[in-house]
Structure formats: structure tokens, C-alpha cells
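Let chain R serve as the given structure and place chain D on it in line with the hints.
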Amino acid sequence: MTPQETVERALALSKADRCVVITNERSEANLRWAGNTLTTNGQMRSRQVTVISVVDGASGTAAGVIARSAVTADTLEDLVRASEQAAGDAGPADDAAPLLEPTDGAAVDGWDAEPDETSIAVFAGFAPDLGEAFARSRAERRLLFGFAEHVLESRYLGSSTGLRLRHTQPTGKIEVNGKSEDYARSAWVGQSTRDFADVDVAALDGQLAQRLAWAARSVELPAGRYETILPPTAVADLMFYLYFSAGARDADEGRTVFSKPGGGTRIGEPLASQPISMRSDPTRPGLECEPFLTATASYGGLVSVFDNGYPLGATDWIRDGKLAELIRTRAWAAKTGAQPAPMIDNLIVEAPDATASVEDMVARTGRGLLLTCLWYIREVDPQTLLLTGLTRDGVYLVEDGEVTGAVNNFRWNESPVDLYGRIAEIGRTQRCLPREWNDYFNRTAMPPLRISDFNMSTISQAS
Amino acid sequence: MAGGSARDVDPAFLALPQRRVADAALERARSLGVQHADFRFERNRTQDLSLHDGKLDSSRDGEDLGFAVRVVHEGTWGFAAGVDLTPEAAVRVAEQAVEVARVSRPVNSEPIELADEPVYPDVTYVSSYEVDPFSVPESDKVGRLTEWSERLLAADGVDHVDATLEQVLENKFYADLAGTVTTQQRVRLLPALSATSVDRTSGAFETMRTLAPPVGRGYEYLTGTGWDWDEELARIPEWLAEKMKAPSVDPGRYDLVVDPSNLWLTIHESIGHATELDRALGYEAAYAGTSFATFDKLGKLGYGARVMNVTGDRTVEHGLSTVGWDDEGVQTQAWDIVRDGVLVGYQLDRRMARLKGLGRSNGCAYADSPGHIPVQRMANVSLQPAPDGPSVEELIGGVSNGIYVLGDKSWSIDMQRYNFQFTGQRFYRIRDGRLAGQLRDVAYQATTTDFWGSMAAVGGPGTVVLGGAFNCGKGQPGQIAAVSHGCPVALFRGVNILNTVREAGR
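Which chain is which? The protein sequence lines are R and D, in order.
Using my numbering, read the first sequence as starting at 3 and increasing by one per residue.
Using my numbering, read the second sequence as starting at 5 and increasing by one per residue.
Same shape as in the complex, but just chain R (with noise of 0.2 Å):
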């Protein structure tokens, strides 16, 4: 069966009152890597239909939700009564919501498409050059350790309203980390790709020698309040998780930093005093994703597989500086009276007119700390989203404009919400890869940050 077979006899199969079908057809190829040789690897396929039966009852409306891999036209049918059954058995669901129709505006594009698929050849180009950086690398006995990943993901979405909608979403990765052969310097650097064609290995490899060599030269600093340079990476990781936590069902609960003292939200109020804003946009040029949404389950108030087929446009969460949106399911919105606004799959952190690279914040830096990256971000209150979590491999020491050496690392404990407030300087916006949440969320571009006064809570012995 073809994806698009299967979305239409699911449907024709369905007796539910109403139904919607989605094909997801995976294709992955990946290879690993350690102390300059090869780990693992490997090419996977994968094959997922989620069947969602809608049953009226008469105290609500229920949804039947079940997803399965290796589905043929034998058991096709036997995966679509499941589904009756567990929307039967599962009674009135809380995010109810009417099925979208095709006049709901998400653009019909191709449909009749062929599912796209990558496979281990993808790395015919990349493989021979990495080979090359790790014979450079033993030479001048550095140890490279890293992970290059290859997917794409063809999405069929049928509905017994008339939905038909189709996506092809390449997500590509390269990280690569760079260590001394005592393991006591580390750096790192890595890359979002659609294609792996605008890698540049030996590039990549030079920045780590590069920042391996300002290691050179170590500093022990102790723990406490320094004037940091949050290089797009970092910045990425921290605005992911305050995006995840911006659900306007918990803020309006009271639950959230983004709940207000004496009930609502905290919509409308300044966050920060310059004109930075945070925002997701299917359209965004190198960060093209889903423009409709598809769900395979419903999840915290932030999801609901009610809500599929949504289209999706540009979306500000944070405009000019002040909080303007919070995520929000098409069932909370008609709860509350407000607009749906669904959770899109990139997020951009921008403000007009910042141009200054890293480089150039570094250059207008007396004395203060230039990170790589964070690690291990785990929310420690959620009142004032305050996370904890460590830098990793590169803290640097900056004085009179130049990097002088590395730096311990620490455990940090940060509110994002709070660092809009205390912004020093923003710098010029450019695309980058998360490091800790790549596998949640790929695309991502930000902008470096300057904070005068980030909280370096303790010492970590890591190297």
C-alpha cells in the first residue's frame, strides 16, 4: 500500500462519526564516532499510521488514538476498530475540539508525492572528508567524538472532513567534539543541514584546533556573577525550554512564570527593555518546517490531535521585547475566548538592527566569560523558570577584547524569562543548532547575548 492508499481505505474503513489518518514514512542513516574511528552507524526505515476516531457521546465528545509501525492491508482494518474501540472506551476527551475542513486554509501540496527517502549514501561525500579530518586530528593529536544524522520524514494527513496534506521534512545534524588526548581541553561545534551538502568538515575541524589552542592556557575561577557571552547555541537551549513551558493553560491556572499574581496571564507585559522578539514561521528561509499541524497524540494542553491539519503561520511569543503569545490548543482557545496558537516545529530570537557577530562582542569585552554551550538543563522552579544545568566543552576567559585562556566549568542556575530583563547586549541573529534539545528541535536561529551578571552558581570539576 502507498501512504496515500492507506490514508484513504483507513478512512473509507472508519465507522466513527468522524476520522483522521496519518502516514508518517521515516527514513534515517547515521554514523558515529569516538577517539577518531567509527562507533556506530546504521540505516533505518520506518513505517507509522495513527488512526484517530472521533465518537460523539452524550457527555462529550471522545478520540481513539492509536499509532502503529509494519501496518499492511491485511491489518489495516484491525488497526482502525482499535481505534473505535479505544474511543469508546476512553470517554470524553478534554481538548474536544470540530475537525478542521479544507476551507480552514492548510495549502493542499502534492499529495499524489511519492515519500522521499535517505539512505547511508547521503555520507558518500561526507564519510571520506571526515576520515581526512581524523588522520589530521592523530597527527596533531587531537581526538574527535561525534554524531552526523541524516532523516527525513513524509507525512500523509487524511481526514474524514476532506483533509488531504502532505509534508517532506529533512532534519540533518553534524556535531562534532574535539578534545586534547588527556581529555583535559574540550570544544565543540555543530550544525543543523537539510542536506549535508553546506557541511564543511575540515572547516568545523579547524574551528575546534582553533579553540582547543585557547585552551592552552587554563584559569581557575570561582563560582559567582560574571559578565557572559551566551554564544546562538546556548541561547537556543535555554529559549526552547522557556518555549516548551509557554502553554497558556497552565499560565492561566496559575502554574506558570507565566501566570499573573491575582489571575490571567502575563500577555502584554514588558519581558525585556530592547526590542527582541521570539518567534516560530514555517516560511523562515533555512528553517522551512511543517506549515500545518499534525499530532499523533495530545499532550499537556499544549497539543491536541483535535487541532490537526491547523495551518500554520509566523507566530510571535515574544514581540518588541514584551511577552505577546502563549501556546495555546484550538479547544483552550474557544474555553477561554481567545485565538488557537499551535506549537510550531522552528524558533527564531531576533532584534532589528543588532548586527554584532560573536567576534565582535568578544572585541568589546574587558574582562568576562565567552561560553560554548550548555548541559544537562533541568527546570529547579518552575514559578520563576529558574533551570540549572553546567557549561560544557569551552568556557573562555575574555580580557581587553581577546580570548586569554579556558575557564573551569560551573553549574549555572538561570531563569530565561529573567535574562530577557537583564540583557547587556544582543548580537546579530544566525541559525544554530541546540545542543542539548537537537533531538526535540533542530531548527532553531538565535543571537548571542551578553549578560553582565549571570549566575555561575558552583564549580564543576568536568573537563
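Because the hints were derived from the structure by calculation, they are not lab data.
It is possible that part of the hints are untrue.
Selected chain R positions facing chain D (in silico; Cβ < 7 Å) [as the list claims (entries may be wrong)]:
| no. | residue |
| --- | --- |
| 1 | Gly44 |
| 2 | Met46 |
| 3 | Ile122 |
| 4 | Leu132 |
| 5 | Glu177 |
| 6 | Glu255 |
| 7 | Pro263 |
| 8 | Cys291 |
| 9 | Leu392 |
| 10 | Thr460 |
Virtual Cβ for every residue (Gly too), placed ideally from N, Cα, C.
Chain D in isolation, oriented as in the chain R frame:
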């Protein structure tokens, strides 16, 4: 036949064509001249339920079915996975695995060899549980969670209740060219309820979650076996109300009595991950990280106080990592990791066991799905109690200025497993050997060897609880594993306590 349960493997799984598909794949791999080939055929069923204020927020059933072929070809790994369950497709996937090895050879400089393991010709394992959760109607499960949520919502001061139930039925078939064939079935559950109190005027809010650990049990866990839900749900509103009114902690050094409901996670992060040999050897350096417990320190590193004894096992009943044979056909075992405070063992797979001359693998290879390659994953890593050790009350009785910590919440540790910071569900002030009410805004922070070095006493066998996690992440592509950690209550002297409100600069 081995195993902890009288139950049989699901006939629907056995009716799938795993043996025919395996034979085709392994034969093709053999004909292509591989040194090793293994075949894994898996079906993983999941059901996730979540309720918001007693109403169904999300329900999703998943079934991941597929197979994978892993080869060593001319000394290089090759791995491929497919979803079409036919001998023809299996032949193609075997060929792809060899092709992946070919493409990878230019970047491989360490020939792959595997530790020897006896052959297990056709063996079966079923984990220890009574009721398959997938045999229980969803309406029963939603009904139970709704009733529990409503109990909490009816209490004074409870404004919101979140309830979740994750259920897994894992079936694995494994076969390799040496002749081992295993068929296994495991069940696990993670139920949790969390109550939230909101002071609308001040904007303050707090939560209180159940401490019931995730377990390798069936649906009986929700109906009275292994946990007293009625008792815990009855107490949560008063605990939450007390926490809302509790004073904010003064930061500084305190003696900590850490309950097993919190200590399991500190063990997981600072011992479990630190003694994974792949981390110590650098294979996870770019992602999960390395370990301060490097291989040269085996048998020498003072990990903690002499009362510290830690074991690894994949055999304890109801353990989340417990299984009969691992994903490389190695029969599971139990062994020492820390003895009398000294590092004496690591968690291994067959490749690392051979590389380091450690003899047999101790059976820690695991892949979380048919599409992922097995990597070394965590055994049940557990802190052993003192045979005549004290009770919780006796430990608290010996503390003049301290804090008693219950339940896990926030956790973070660095990439070499030195510096950690944890919060919890409840923190009680200890003054002169007695509990003196809850505290708010508490986090404890330490360096691993300092913390375990400060362990002054471990509790007796009666205090041991098997805690654990469903969501341990490792590897690239990312994989999730479930693991249990048993531990007694324990006393730590002079631990650094942070105030999380002050940390936020308020």
C-alpha cells in the same frame, strides 16, 4: 525455560514470522562473509494516559514492530533496520547492514571483536507480573485515575491534579549466527499523580507528587499490590498545604537524611552513569558525556565511605532493567560495582568486555526499539543496606541540625558526573533528632566523591525501596531505557544546601 513469571509469551507475538525472517537475514549475512551477525525482532506496545483535573487529556496506544540486522564485516560494524516482515525484505536489510559497514570502513580504525558467550539454543523469559495491563479495558484505567484525581481535587487547597499512567509490553526475539535464540516478554508501569495548590493573590504555587516508583509489575500495581495508593493519596493534600506555608530554607551546610524515594536518582546519576564503561572509554563523549571513574582507576578509586557497597544486576524481581538475556544474547547477572567504598566493576557489553580483557560481558546491551542499535545501557544499580542498619527514625534521631529529603523532582549532573544538584518533593527540617516541619525552596548540591565520602550511615534492609525511572536517555540516535535502583535510607554529613529563590536572584 527461565524467568520470573508463570505467564506465557503473548501468542500473538509468537504468531509473527520472526523465525523465518531471522533465518533469511542470518543466512544472507553469512553468505556475505560476515564475522558476526545478530538479528532482533521486536514488538513494543505502549499506552500513555494523562488526565487533567480528572478529565482525559490524552490517550495514545502505540505499537512499534520491526526488525534489525547487525553485522561485523571485515572488522567494522554495520547496522540496518526494516519494517516489512518478509524473508525477502530481511535479505535486503542484511545486505544494507553489510553496505553500511562498507561505507563506514574508511572511518574505522579499531577492528571489532566480541567477548565469548555460551550458546543458548532456544530460551524464553517472561518478567514477573500478574495482570497484563493491555488486557485491562481503558475505561477501567481512566475510571481509576479519574476517581483518584477527584479524591485529591475534593481536598482543601488542591486546585489542580495531573494524573498519568505509562504502560509498556516489550517483546523481543533475538537470534545470532552462533546459534543463540531468545524470546522474551517484559511488562512495566509508571503511574503518577501530582496535586497543585495556587495562591491566586500572591501568585505562589506548589506541587506534591506521589512517590510510587515505576515498576516491572502488571496492572496489579494499581489495585493494591506493591503500593498503598489510598494511604498516599489521603496524605498528599495535608503535605501540600504544609509545603505552601513552609518557611524558605536558609542556605548552608546541613546533615541530610535521604529517603530511598530521592536517593535512587542520585545513585542513578552519580554512580549508575559514571560506571558505564562506554562512558569511561569516551564513546559517549560528544553526547551523554564521559566519566570521572576512568578505567585506570578500576580497583583503586575511593568512590565513597567504607559503608558504601553498590551492585549492578539485571536479575532483581520487578526491576525495570531486569531481563533474561541482553540484546547480544548474554545471560544476565549480578556483580559488584563499589565494594567497601572502592570502584571494582563496570557495566559492559560484549565488545567492551573483549577490548578490555574483562572476560564475559555482564549483559548490559540494550536497544529501545527494533530500529536502534544496542548500546550499553544501565543495569539495576543499587546501594546495599547494612545488615543491622538503622531505621529512618533512628537515623533522624542521630542528627542535630539537618534536613530529611523525600521524593525526586529536579535533577542535573555534569558530563563527567562530578557536580550534581537535586531538589525533591518534601524537605523536613531536623532539629535535635526530631522532624520540625517542612521547608521550601531547597536544593542539595555536591561533587560525587565528596557526597558519597560523607555518607555516615546506611539504613537496614527494612528501609530498602526499589525506585527507578522510565526515561533514561543515552546514545545517538537517542534511546530511552527504564531502570530500577534499590537503596536504603542513608545519612550524609555537611551537604551544601541552596535556596532556589535566592539562586533566581530574588
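Query raised in the report: So which of the earlier hints does this model not fit?
Result: 8
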